[in-house]
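*Asks:* So the chains spell out like this:
There are 2 protein chains.
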Amino acid sequence: MENKVENATCPVTMTANLIGGRWKLIILYHLSGHTRRFGEIAARIPSISRKVLSQQLKELEEDGLIIRQQFKEIPPRVEYSLSELGESLKPVLHHMESWGIETMLNARSKKV
Amino acid sequence: MENKVENATCPVTMTANLIGGRWKLIILYHLSGHTRRFGEIAARIPSISRKVLSQQLKELEEDGLIIRQQFKEIPPRVEYSLSELGESLKPVLHHMESWGIETMLNARSKKV
DNA sequence: TCCATTAGTCACTTTTAGGTTACCACTATT
DNA sequence: AATAGTGGTAACCTAAAAGTGACTAATGGA
Numbered sequence: 628m629e630n631k632v633e634n635a636t637c638p639v640t641m642t643a644n645l646i647g648g649r650w651k652l653i654i655l656y657h658l659s660g661h662t663r664r665f666g667e668i669a670a671r672i673p674s675i676s677r678k679v680l681s682q683q684l685k686e687l688e689e690d691g692l693i694i695r696q697q698f699k700e701i702p703p704r705v706e707y708s709l710s711e712l713g714e715s716l717k718p719v720l721h722h723m724e725s726w727g728i729e730t731m732l733n734a735r736s737k738k739v
Numbered sequence: 628m629e630n631k632v633e634n635a636t637c638p639v640t641m642t643a644n645l646i647g648g649r650w651k652l653i654i655l656y657h658l659s660g661h662t663r664r665f666g667e668i669a670a671r672i673p674s675i676s677r678k679v680l681s682q683q684l685k686e687l688e689e690d691g692l693i694i695r696q697q698f699k700e701i702p703p704r705v706e707y708s709l710s711e712l713g714e715s716l717k718p719v720l721h722h723m724e725s726w727g728i729e730t731m732l733n734a735r736s737k738k739v
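So the sequence lines, in the order shown, correspond to chains A and B. Yeah, the first sequence ends on 739 if you go by this note's numbering, and it's all consecutive. Yeah, the second sequence ends on 739 if you go by this note's numbering, and it's all consecutive.
Simulated from the structure, these hints should not be mistaken for laboratory data. Mixed in with the good hints, there may be bad ones.
[Said to hold, decoys possible] Examples of chain B residues lying across from chain A (beta carbon under 8 Å, computed): (1) Ala635; (2) Val639; (3) Ser708; (4) Leu709; (5) Leu712; (6) Gly727.
[As the list claims (entries may be wrong)] Over the 10 Å line for every Cβ pair with chain A, so calculated as not near, a few chain B residues: (7) Ala669; (8) Lys685; (9) Arg695; (10) Glu700; (11) Ser715; (12) Ala734.
Every residue gets a Cβ at the ideal spot worked out from N, C-alpha and C, and that includes glycine.
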């Protein structure tokens with residue numbers, strides 16, 4: 628578990644490996660501040676397929692960023708939330724978000 | 628130019644698209660604070676092939692994050708540097724780096 | 001009895017990313 | 001005449017990522 632962290636040499640590369648890829652940032656973003664069921668996440672990110680979503684969730688869990696809680700119910704219920712490590716990443720995500728918003732606003736005002 | 632910025636709807640997704648992929652963060656990191664020639668970048672990131680490096684640099688330039696300056700000399704000389712937009716990303720990168728360092732230190736101290 | 005529900009998995013196909021090798025342009029140097 | 005030096009590109013190939021559609025388990029309700 629958490630091999631990406633333990634085996635890393637360069638912290639930037641490691642961080643990129645943890646949150647890189649096309650979906651992980653977005654998934655973390657949707658878990659930021661909320662516990663969500665699998666189906667909820669899928670609904671909020673319509674362009675991801677369920678197969679890939681479950682793969683990415685599994686990786687995020689292996690990397691210690693999220694927690695998966697499975698209830699023994701029928702129909703099944705599984706809830707995902709940020710772990711302590713995932714929580715610690717939130718300021719970074721918000722920083723990225725602010726930067727994105729500013730960049731988009733700037734691009735638009737320059738267009739006029 | 629800068630289509631990723633202009634066509635984006637979600638700022639997090641946009642940011643992820645700009646700096647995502649296996650190499651872009653690392654390239655930006657090596658340009659942070661330095662103007663560098665193509666060969667220098669290649670030397671600092673030995674595991675990237677020249678083909679992929681030139682592709683990624685082209686994309687970063689198209690996205691407005693870096694500036695490519697070509698000198699009319701023989702042998703050729705091309706210098707890459709962060710644009711104003713790329714500079715504005717530096718605090719975000721440093722935030723990621725700090726988080727990475729802390730996470731690595733924590734993982735190691737917990738191991739003992 | 002049969003259907004809906006949920007969180008997946010399995011097998012298969014397509015798309016994308018990345019790697020490898022060879023090659024070019026132009027000049028100065030040997 | 002040959003070579004080094006630099007920043008690439010073109011053609012080709014492989015591996016990884018992602019998409020698709022069918023399928024499952026166990027129960028409550030119509």
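*Asks:* Against this structure, judge whether each hint is valid.
*Replies:* Verification of the supplied hints:
1. Interface restraint check: Ala635/B against chain A, minimum CB-CB distance 6 Å, threshold 8 Å, status holds.
2. Given the 8 Å rule on beta carbons, the hint for Val639/B holds: about 5 Å separates it from the nearest Cβ of chain A.
3. Interface hint status for Ser708/B: violated, as the beta-carbon distance to the closest one in chain A is roughly 18 Å, over 8 Å.
4. Against a cut-off of 8 Å between C-beta atoms, the interface hint on Leu709/B is violated, since the closest Cβ of chain A lies about 14 Å away.
5. Given hint, Leu712/B at the interface with chain A, holds; its Cβ is 7 Å from that chain's nearest Cβ, closer than 8 Å.
6. Interface restraint check for Gly727/B: the shortest CB-CB distance to chain A comes to about 3 Å, inside 8 Å, so the restraint holds.
7. Every CB of chain A is more than 10 Å from the CB of Ala669/B (nearest about 17 Å), matching its label as outside the interface.
8. Remark: the non-interface label on Lys685/B is consistent with the geometry, its nearest Cβ contact in chain A lying 19 Å away (cut-off 10 Å).
9. Listed as a non-interface residue, Arg695/B keeps its Cβ farther than 10 Å from every Cβ of chain A; the least gap is roughly 20 Å.
10. No beta-carbon of chain A comes within 10 Å of the beta-carbon of Glu700/B; the shortest separation is about 32 Å.
11. A cut-off of 10 Å between C-beta atoms contradicts the statement that Ser715/B is not in contact with chain A; the least separation is 7 Å.
12. For Ala734/B, the requirement that its beta carbon stay farther than 10 Å from each beta carbon of chain A is not met, with the minimum near 4 Å.
Going through the hint list in order, the structure does not satisfy hints 3, 4, 11 and 12.
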